[in-house]
Every structure is written in structure tokens, then in C-alpha cells.
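**Student:** Read off the chains here:
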Amino acid sequence: MKLARKLLLIDRRIIFLLVLAGAVIPILFPIGLAVQVSPPVRAVFQRVEALRPGQTLLLSFDYGPSDGPELDPMADAILRHCHKRGVKVVGLSLFPLGGVDMAFARLRQLATELGARDGEDWVNLGYKDGGQAAMKAMGDNLALVFPVDANGVPVGEIPLMRAVRNYNDVGLAVSLATSVLGEWWINLVNAQFGVDVAVGTTAVSAPKYYAFMEAKQAVGVIGGMKGASEYEELVAEAYPDLAGLSRTATVGMDVQSIVHLVILFFILFGNAMFLATRRTRQEA
Amino acid sequence: MQLQLPGIGEWMAAFFTLCIFSFLYRDNVLYRLAESIFAGVSFGYYIGLARLNTLEPNLFRPLFSDFAGHWPLLIPFALGLILYLRYVPKAAWISNWALAIYIGYYIGVNLIQRLHGEVLPQAKGTMLSLQVPPGQLLGNLVIILGVLTVLIYFFFSSPQRGPLKPAARIGVYYLMISFGASFGYTVMGRISLLIGRLTFVIHEWARPLVRAVFGG
Amino acid sequence: MKKQVPILLAVVASLCPVVGFLLPQPWVDEWMNRRLDEWMVIIASFALVLGVVSVVQVNLHKVRRRSRGWGFSLALLLSLGIMSAFGLFGGQGERADGSLHPFTWVFQFAFSPLQATMFSLLAFYVASASYRAFRVRNVEASLLLVGAVLIMIGRIPLGQAIHPLVPQIAEWIMQFPNTAAQRGIIIGAALGAAAMSIRVMVGIERPYLGKS
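Protein chains in written order, with my numbering: chain A, 1 to 284; chain B, 1 to 216; chain C, 1 to 212.
One chain only, chain A, in its complex shape:
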């Protein structure tokens, strides 16, 4: 049992190396495992699918760079879906630490990819401080909170914004959230203004949103990289001409599979060693 005890005290850097290897190998040599779609993600997809061309989807980039790998692919998949269907996108951010720059990057890149026009098919209103105050004020008038877009153009001069005064003109609000902001979109915007809300969230926060979804406070939840890969899959299935575009979350799920296996091995092996040493101690 000395061996078991030694293994339990193994240098953590060996564990780090195994995790690194588990991540690097599938990045270099993708496996291409199939992704199965779960009901919460399908619900979001169907709600976006139900929006008529010309209707508005409000997309709030409530996350920063540290959550980009999980939430950027969601933004990309939703934007592709909207641009393809002719759904107008109003982008904004209420998350201080990088939200506006995530919005800049995603909105610009996807518009270029699908030829969507700034100010007509989509707009980036930028970031605003205040959290709940901004959310409440937007219920009255978006221009009150965002008098100009992220480039400094007055909203009155933006063709898309002429048809969007407040939440009444929004078909669906989607918050891609890393923090409590996703909850606020539900417990404030949905609760007080009645606008349908869907949340794309980091995996860490996903379990909580199930309670909101089951109580019909949110139309659906896209949880973490897995949820993002499911949305990518749904878009590719429904619009085969978009299937060839990059699907970073789906590729990432290969890596997830391998690293999950490594960590599961650690959990099970660690417990086996723990039980072995405990039994020896009891016998002694």
C-alpha cells in the first residue's frame, strides 16, 4: 500500500502534463465525434426560428474574454441563424470587463461572413454601466440608455433602430452571460416587461438556469461549449449551406471528451487508491 500512498501524493505537475497532453493532441488531430442535441438548446433554436424576417432579436454580450471559448461560438451560431433568416440583430453589452469588445469582434466578423449590413441588418449599441438601471430604462426607451451606437452614430440616424423603441419591439432577448446578468435578464426584463428571454451561459452557471427554464421564465438555455456545439449542429442541419463554416465549439467537444476522460480517470483512480489505503489502515 506504500505504492497507493505514493500515487496519492504524486507531483501535481505530472497531473498538469497529462491534462495538457489530453488537450493538445485532439486540437492537432481532431476526432470528429457527433454531437447530440438537448431539449433546452433546441428550444432556443426553435424560438429564433419562429421569429419572422424583419423581427428584432436583442443580443446582449454579457461576458468577457475569459469566457470567449464558451460563449463566442454561441454568438456566432445565433448570428448566423439570424442573418440567414433575415432577423434583425440589436447587439449591446452590460458586462464591464470586455463585453463591448466581444460584441465588436463577433458582430463585425459574422456580418462580414454573411454580408449583413451595419445599421440595417444589425447594430452594435455598445456597452452601458448601471446593470439593472440600464435594463429598466430600456423598457421605456432604448435610446435613453444608448443615445448613440458603439461608433458614435446617433440611434435616430440608424435605419434599424427606427423600428425599435423599447422591449415591445423586440421578439426575443438573448443574453450571453457569464455573471449574474443572465439572471437579471430573466428576473427583471422578462418578469417586468414580458419579453421572451433565452440565456446562453457558461457551463459553470448552466445548472441554475434550468430552474428558470422549467418555470417558463426563460425559453431555453444554451449551456457552455456543449450547448454551443448543439446550436452549431442545429444551424448546420437546418441550413446546409452554412454547414461548411467554422464550428469551433463542435471541434472543441473532441478535446472535451479526451480531457473529461483524463479527469474521470483521476477521480476514479484517486478514489480507488483512497479506499485501498483506508482499508489497510482499518486492518492495521
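It is worth saying that the hints were derived from the structure and are not from the lab.
C-beta: ideal position from N, C-alpha, C; glycine also.
Distance windows between CB atoms, simulated:
{"#": "1", "chain 1": "A", "residue 1": "Asn141", "chain 2": "C", "residue 2": "Ser99", "range": "33 to 41 Å"}
{"#": "2", "chain 1": "A", "residue 1": "Gly152", "chain 2": "B", "residue 2": "Arg207", "range": "33 to 41 Å"}
{"#": "3", "chain 1": "B", "residue 1": "Phe64", "chain 2": "A", "residue 2": "Ser246", "range": "43 to 51 Å"}
Position chains B and C against the provided structure of chain A, taking the given hints into account.
**Tutor:** Chains B and C in isolation, oriented as in the chain A frame:
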């Protein structure tokens, strides 16, 4: 085809990425330097963000372009400045006025959010029918039992005796399953972040570099 | 004056959104919702930067005294100065020619990799903790472990490859036991937060007065 080396931005991003990763081996000067730069850039970012996104479009521009129509904005402007009096020892107490309004407002908003936006709809969502097909019945029972027992467990104000004790125990079991699920999701979340960084280092920095140097 | 005025202001300010919500009258809506919300966006912006002053004070002090690690403080101050100068005197996003404003450039190539890498370190520590600390010591810990393992297998494509039932079990756990537990937590925490709000609204709790 001319092969290009990664740009200065990619080099800088890769350098910072490797500096932070070096902490996995052990704490070192490069890591601490990167950490300090991160803190500095973050605070600087807040300043720029506030000016570019809120103060200029929502305060200064309206005041300078149409003072007569926007003069009430002087009130939040003044309150915002008063917040900074906390750094002037003799006048620090005045900053509490602005802070009281700021905190008070959010306390009021939070009260409505929590009661109207969480307690009521979540309680309503738990009042599930038991006259449903057997498959659905099981799910509904699991939810009703779970919510009640978790709430019983959270009743800190009364000691859990008699039938409350086993009920609270069941509540703990529910919480453990949920925390286990959260752990599973947390693992996925953390790996996602690692994937993001490694993908950058491999595909946007190392691969172009290798191609540029060795060709191919 | 030092105590009573802030208490009065906090009570009034906290009642405004509540009255605004409960009393849908045009004048109430104008002053207690619309105006106040608009003002709070601005005050919140000032509040966001409030802590930066302390950070500058502390680090300047360290540099002046040449305290241990003053070089790192200097790096912090320099990067803070450069980034805030870009933010105060430049723009954000892309210029008309497609190049990035310096503020956004530094965000993309310094802030972004630094923050993302800092958080990505957690992947390694989660693995290490899984090996060293995740133990089946009792019933509760066993349930935690079972929940974690089922979700981990059920959420990766490999789980689906093992058996189609695996992801379905994971989804059932999320939809029912997890939802029930999370709902209990949400209701419990919301009631606690509401009670705390009421204590502030009636002046029992005074977080705005600080230590004074």
C-alpha cells in the same frame, strides 16, 4: 505564396499566455510581471470604458450639445463626483450621501427583482399537477419533494427535529446531486477556457511561425 | 447630519423603484423610473472607476518607498496609465480603414490573453483537485461524485457513443433533481436578499456609512 510570421499582436498575446502558464511550473518573475500588467490594463480599461461608453454619450455630449434640455443630468454628475470625496479626508463623510442614494436605489430594485422575479414565479413553477401521466408524475414529484426538502434544510432559524430532520436530510441529498452536476459542468467550463488558449497558441502563433520558418 | 442625511437619502432612494413598480402613474413613472434609471447609469459609471484611485494610491506609495515588489507596482501603474490614456484620448473598436483603435488593440492582444489564460489555469487545478480531494467518504460525498460522473460522461460526445441512454440520464438529472435543488436555493437566497433589502430600506442596516 509568401508565408508570414505572426504579427506583433500575436507575439505579445503568445508571450503573455506563456508567462501566465509558467505559473503551473512554479511562481516566477514573468508570471508576476504579467499579473501586474493584467491588473493595470484592467483598471485602465475601466477608465476608458466609462468615458467612451457612458460618460461621453450619456452625460457630456447631451450637456454640451443641449444644456437647456439636459440640465437635470447635472444631478447625477454631481453625485458621481461626490463619490470621490471619500479620498478627501475632511470631506469624506459627504461621499456617503451619494453612496446612500446609489446603494438605496439598487436595494429597492433588488427587492422587486427577488420577490417578483424569483420567489413568485419559482414558487408557481413548483405548484405542479399530480393528475398527469405516470412518466410526468415522477418528474413532478421529484421537483415538489426536492424544493420542499431543500427549503426545509435552509430553515436555519428553527432546529430540525422530528419529521423535519429526515426531510432536511433528503434536501441535502438533492443539493449534493445538484452540486455534483455543477462540478461536472464546472469541469467542462474550465476545459473550454484551456481549449481557447491552446487553440490560440497552436493555430494563431505556433503554426504560422513554424510554417514561416520551416515552410510547408 | 453625518448619519441622518445618508439614512434618509437611502430610504427615499430605495423606495423610489418600489413605488415606481407598484404605482403605474405617469408622473411616478417619469421621476421614479425613467429619470432615476437614467441617472443611475451615470452614477454607476463613476462608481465603477472609484476603486482605481485606491489602487493608484497604494501602488504609488510602494514605488515611492521602493517597497518589496515595487517593480511590479511600477508595471501596474505604467500599464494602467497607458491603457487609460488610450481610453481617455482615443476611440474604441475599428477605425474607418479597418485598423483597431489603440484601446481595442491593447484589449485584444494584452488584456484578452492575460485574462483568458489566468482563468484557463483553473482547468489544471480542477484536475488536480479531482484527484486529491474528490473522495467517497460518506453518503453525501458519494451522491456528489455520482452526480458529477454522470453529468461528465453524459455531456461529452463520447457518452453518446457509449450508449444513447447516457446523455438522457444526464438530462433527466439536470431537469429534475438539479432543478428542484436550484429552485430551493433560488427561493431561499431570494427571501434572504429581500429581507436584507428591507433592513436597509428601514435603516437598520447601513452599508453606505462604512466603518464610521
